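Visitor: Each chain is listed here by its residues.
Protein chains: 4
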Amino acid sequence: MSDNAFGRMFRVTTWGESHGPAIGCVIDGCPPRIPIDIRHIQGALDRRRPGTSRFVTQRREPDEVRILSGVFEDDSITARFGLPVSTGAPIALMIENVDQRSKDYGDIRDRYRPGHADFAYDRKYGVRDYRGGGRSSARETALRVAAGSIAEQALAVISPGIEIRACMIGMGRHEIDRTRFDWSVVDNNPFWAPDPVAAKEWEKILDDVRKAGSSLGATIEVEATGAPAGLGEPVYGKFDADLAAALMSINAVKGVEIGAGFEAARLTGEENADEIRMQNGEPSFQSNNAGGVLGGITTGQPIVARFAVKPTSSILTPRRTVSNAGEDVEISTRGRHDPCVGIRAVPVGRAMMACVILDHVLRHRGQCG
Amino acid sequence: MSDNAFGRMFRVTTWGESHGPAIGCVIDGCPPRIPIDIRHIQGALDRRRPGTSRFVTQRREPDEVRILSGVFEDDSITARFGLPVSTGAPIALMIENVDQRSKDYGDIRDRYRPGHADFAYDRKYGVRDYRGGGRSSARETALRVAAGSIAEQALAVISPGIEIRACMIGMGRHEIDRTRFDWSVVDNNPFWAPDPVAAKEWEKILDDVRKAGSSLGATIEVEATGAPAGLGEPVYGKFDADLAAALMSINAVKGVEIGAGFEAARLTGEENADEIRMQNGEPSFQSNNAGGVLGGITTGQPIVARFAVKPTSSILTPRRTVSNAGEDVEISTRGRHDPCVGIRAVPVGRAMMACVILDHVLRHRGQCG
Amino acid sequence: MSDNAFGRMFRVTTWGESHGPAIGCVIDGCPPRIPIDIRHIQGALDRRRPGTSRFVTQRREPDEVRILSGVFEDDSITARFGLPVSTGAPIALMIENVDQRSKDYGDIRDRYRPGHADFAYDRKYGVRDYRGGGRSSARETALRVAAGSIAEQALAVISPGIEIRACMIGMGRHEIDRTRFDWSVVDNNPFWAPDPVAAKEWEKILDDVRKAGSSLGATIEVEATGAPAGLGEPVYGKFDADLAAALMSINAVKGVEIGAGFEAARLTGEENADEIRMQNGEPSFQSNNAGGVLGGITTGQPIVARFAVKPTSSILTPRRTVSNAGEDVEISTRGRHDPCVGIRAVPVGRAMMACVILDHVLRHRGQCG
Amino acid sequence: MSDNAFGRMFRVTTWGESHGPAIGCVIDGCPPRIPIDIRHIQGALDRRRPGTSRFVTQRREPDEVRILSGVFEDDSITARFGLPVSTGAPIALMIENVDQRSKDYGDIRDRYRPGHADFAYDRKYGVRDYRGGGRSSARETALRVAAGSIAEQALAVISPGIEIRACMIGMGRHEIDRTRFDWSVVDNNPFWAPDPVAAKEWEKILDDVRKAGSSLGATIEVEATGAPAGLGEPVYGKFDADLAAALMSINAVKGVEIGAGFEAARLTGEENADEIRMQNGEPSFQSNNAGGVLGGITTGQPIVARFAVKPTSSILTPRRTVSNAGEDVEISTRGRHDPCVGIRAVPVGRAMMACVILDHVLRHRGQCG
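Protein chains in written order, with the numbering used here: chain B, 89 to 457; chain P, 89 to 457; chain L, 89 to 457; chain Y, 89 to 457.
So that you can see chain B by itself, here it is in the shape it has in the complex:
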């Protein structure tokens, strides 16, 4: 068994290697009659794209997406929206790989990079596409972002009013100041940070890290507001269990938490449980330690998740490792370098949240009408 797919009803299967001819995905289960704007997908990809600032890898990939199936310019519907619509059939997306520079990767053919998947792949499969990390490359996340864009476009029609946002709240040991949290500044700095002061400081810090050929980890926060109550299924299809898997499956992620997260373990029952009062005729939670999920089911509060991205292991400092042949050797990354891969994980986190929400909207609609 292998599992290059996620989601039950909105199911995304991805394929492709970093240095193969192309990468792509098949989205099965998209609701029909959703206007699909390829510019929305491209816009999402552009946010994740390498080469956009000096803080992300300088690989130059235009990441131009093509839609190969599943949408149709139906005369009557398209006229209304000026866009092709989904037909209910699988939507295939493809992005050609352009800037591959395979020659850069001589060393990693024979040596296992510490912190990378090389060793594990070799043990599992007995063969490995070492060019740029092959299947384990973060390049695969472009497809998550593309699928997430389609999920957002579908949600806009079948569960309108949901807004999904992501931001970077920590870089290495440096964290934002929550009192300055402001979603409106997130798009205005290269870190997607919600704290403009922190963003300014991080520029200097990361410049130094970049020049030293080192790297830093990051903590990302994703929030979805406006999602309906009732999403998620006890006991093993819990909304937060599915979201945890979706976020943990992103390259380099080592931790996931919902609402108060690990801090919840440090609270008392009085502190942690969110009280409820009637407001405008509706039950209203007085706090959100739950992160919008109770018993695995959404409550209608904002869904809040955070995840930790480790620092990339591709650094200029030589590191001790072993070769295929069983020799002690050293390895250091040459060429392009991503001082904080967490930056590019921000739009990926948003995309995974979108996919999980849409999947559960469809699952809930199926069982509960």
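All the pointers check out, no bait thrown in.
You can't tell identical chains apart in this list, so a pair holds if it fits in one copy or across any two.
Derived pair list, reagent style SDA-like, types lysine to any residue, alpha-carbon separation capped at 25 Å: (1) Lys292 with Glu351; (2) Lys299 with Glu418; (3) Lys292 with Thr356; (4) Lys299 with Thr356; (5) Lys288 with Val144; (6) Lys299 with Glu359; (7) Lys292 with Thr140; (8) Lys288 with Glu351; (9) Lys299 with Glu358; (10) Lys299 with Asn277; (11) Lys292 with Glu358; (12) Lys292 with Leu355; (13) Lys299 with Glu363; (14) Lys292 with Glu359; (15) Lys288 with Arg298; (16) Lys299 with Arg422; (17) Lys288 with Leu355; (18) Lys292 with Pro278.
No wet-lab data here; the hints were simulated from the structure. Nothing here was measured: the structure is a model prediction, and the numbers come from that model.
Given chain B's structure and the hints, the job is docking chains P, L and Y onto it.
Guide: The following block gives chains P, L and Y in isolation, referenced to the frame of chain B:
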């Protein structure tokens, strides 16, 4: 769609409510010819059972498990082991509910307990078995423990040498001292703590919390040693993604991390990536920030995960909430009380690790031989 | 991997052996708030039950079903219907095995019965619960019938107007006369035959077969009227592909066809394609060679399927076979005997149709709203 | 939910419409280190390709397949085989659509073709890619054939000795003479018929049908020899249930049978059950009414299945139907025409058998080792 099952090849489906006649599970995909010792299952259940110390709920459930299918006393094989063996057919387990005391639960019929799933279930299903939390009760975790025992028994045959252990490393704001970490003391204190000094201190602290009718959260660590390299599937069936979902699906869990976890986000690339050296002819990692998983695939190092359990919301202090009828009301828990539900989550964490490992051993064997 | 479950959104997992303590199933994904009448389930089971006439096996099983979870006597909803309702949680059903007579089965421990699964199970699993056929016994079909009853009860609420019926249209080489086809007589003869003349003749024929210790096969027809158009998913979740799998999975079934079925292969394009005319403002098919399914999707016409049941291989005539030990031996069935197992397959076919329809109603609702 | 994928461990997801830019598939779960010869895939596609004789549609599609991922020219392994090998990652295949001639399809935009999926798709999705049948076109079967080729190449390595063959045993009312059955002539006539005399006669018959603008159905037989005993899973993952679904999911298929199939229903228990004798130290079945499957599990005998393909509904004779707008109209197919689509279903049937066998080989290996 509903999803009361987990695992792909070792698949466990659970059923039952806290106050129904019984709870049970069906395990589909157990390898055949595994000697199944019901005492092993019962022993695991006894570790999770309520009523074993003053620190866990006083509900008196013998939790006596019955095996209803899938094992057979085959003459030749059973003679060898003195035990019935799995036949490859589904193994059904059932535990009858004995101490139900439904009358205790009058209040919660009409009032949503803060921090509980009541409100979310009502929004999702429009009907709710309120007796003892119904399906959302932690009573369901008994079946995880039973399934985990069978997973361990199967692993002992088909991938021998794996040891899975769990312990409580934090209670509320109180953490163990890692320098005193000792697996051998875990069974000797009511907290499954690996630090005997901390365990002693926690007794007093939790006594006070219990008497005050309050509650504390907990942090649990699970470790598997001896698991083979190569388990896990890129990109969405990653070992750590599946483990994250399995742990997050446990009642009251709000966070999951692997290896260095959230701390990895605070490290530099030099600090985080585990270097490798040849030792005794085998590649050997010099540290384990990865927690035994790289690129979603196990490396053969110890698999290390931690999860955060929130404090139970069933406390004696009255809490503000609303009723079904839309009125502002208060609610407080009467009767039995679990000052630190995290204690009982320790064997559950171990069980989930066992199930995920076995599932991936079978999946890996299927694809890769 | 093992697969003792079927359906995607209305998912039924069965467990149990012919001579174990009990058999049961877990139904995951039942819509909530469906009034569940246990008498409906019991009535369906009684139609399938052994021992009801001299033409079916004389095993005396009361087949008394218990509901162990997933329904609740909610005060407001139950008051309306006088019945408990589904909660959306898994519904567990259990039937205890009463009349097991294991001692009858001495021979089959060591000898592979021709036409039975004994040999195949041994080759697959290396161990086999030989008592009464163990997991391969037709006893498992009782659970299909129980699940089918719940599916029918759910359909009555969420897609009212569907009627599902089944009948036996051939016994051995003897077929009904289609000009006498009358659903109203089906319940009035021991064969569920829609042709009263044929039913009368078959009594004599099967009496002779029974006395001779021989057995006959049967052909069953299942029809669902009133099912909505639009059920089924291209390309691999086609309604008819799922139905074919569901029917082929019934014990002893060797063939399945939809609409004109194998006869369609003998028609010309002009004869086969069902023409359409407007009638009462709705498109109306002028014939039903399609059996209600085009391109894998229902059209709103009656869904018609047929399946072939082989004669039971448990006959009194000694048959040549081999033993576990690799010797040429003979075997003949002693004791109870089912001269035409196809009779009991009639309610099973109806149940599978109900489950497939409900599953697809939920799947369609999920994707298409 | 939508389901454009089949198989559990060897999982194939297809995408694409008849007249979109391309069609393709993603194969997830292929074992690693399998030498993949694109010429084998292309050869299989060429057998299914339109335009190869006057008896199949004259659409000119080169059907040139590209492998976009999942194979790698590993230095050591490739050197051995002179071929790239599978890496265990998803294998993406793509075929560009060349000869689309969309203008031919004016009529079918507004009129439902009798016997086609047009009406059903419209009812399900409310939108339809009418160009050439869109997603419901038999063009999709090219991908089944490509996936089947990869399945055969994998089987050659991990379960060598299996041979899978298919042939046409009936065209319309005309059947082969079983006494002349000869696999060696199948490749030498345009019908893949195993009876050279019948094939000769069918040429004349089908010429007349073609000239008359009519069409005929067909019956196909698929046989796999050398498959191991033990494949298939009770109770719902039976080998024959999965095969039935796989075959029934092929366009225009209306019936599926295994072994004696519907004829089994007409036999007595004595006639039907295949007796066993020891031969060369191995149990050997004396006949094969079971078609190689007992209790859903393969026995090691040849696996034999048959399926019925209805005649294409695209014929030159005008047929009565209705329009989108609800008017009674007529429709007839213009342009290219497939007098017996069953011919092209022969390699498709073989491909489905290969995929089902490989899937079950992997599933069996996973559970049973």
